[in-house]
Amino acid sequence: MGVPGGLLLLLILQIFTGSMDCINNNGLARCADPCDHYTVLNDDWRSVNNTMNNIIHCDRNINWQGWYRLFLGQTSAHIPERCVEENRCGTHAPLFITQSHPTQSGEIVARTVCNAWSNSCCLFRSHTIHVKLCYGNYYVYKLVAPSACSLAYCAGIVPF
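All the letters of the sequence shown, read from the start, carry residue numbers -22 to -1, 1 to 138 under mature numbering (1 follows the signal peptide of the UniProt record, and there is no 0).
These aren't lab readings, by the way, just hints derived from the structure by calculation. Here the structure is a predicted model, which means the values were calculated and not measured. Some clues are possibly wrong.
To be verified - Now the in silico label distances, taken between C-beta atoms and shown as ranges:
id	residue 1	residue 2	range
1	N2	N32	15 to 21 angstroms
2	E63	A126	35 to 41 angstroms
3	N115	Q77	42 to 48 angstroms
4	G5	I135	42 to 48 angstroms
5	G51	A126	17 to 23 angstroms
6	Q77	N4	16 to 22 angstroms
7	G51	L101	28 to 34 angstroms
8	G114	N2	27 to 33 angstroms
9	H79	G44	14 to 20 angstroms
10	G51	G5	40 to 46 angstroms
11	N2	N31	40 to 46 angstroms
12	G5	S98	41 to 47 angstroms
13	A123	D22	18 to 24 angstroms
14	R60	A123	21 to 27 angstroms
All residues carry an ideal CB built from backbone N, CA and C; glycine is no exception.
Assemble the whole structure, with the sequences as input and the hints as a guide.
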């Protein structure tokens, strides 16, 4: 069964413009701007400055759906672009992205996520997430479950 021409064109346009997130729902494309439709992640334990690990968090068992915006308190945050020391961010092996964030508003990019553990900056299998720079100068992330526990996404505020 083929894809209707109009739907295919719409999906191709969305992929190349890189500004919307589209899903196919019974043959109809449903598109939304993730800058307007996201879930807030506001967990102080995700901070790159958090060295308290009395509770070890794991993002593997979370059912990640849609897009997320990170906050630390009232301040918009982002996933670090460099290796974060192990035993930070409320977990054993903190997650960070290995490339820079997008620099053009509206742009969606794929980024590799790695983890810090056992003196390595990518010991466990890496994975890919999507990142969008929104008008208003904040980022949203399409997060996925990491490959193992105890891995969790870090959050930082520039500069950190």
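Earlier hints that do not hold, by number
The structure breaks hints 1, 2, 3, 5, 6; every other hint is satisfied.
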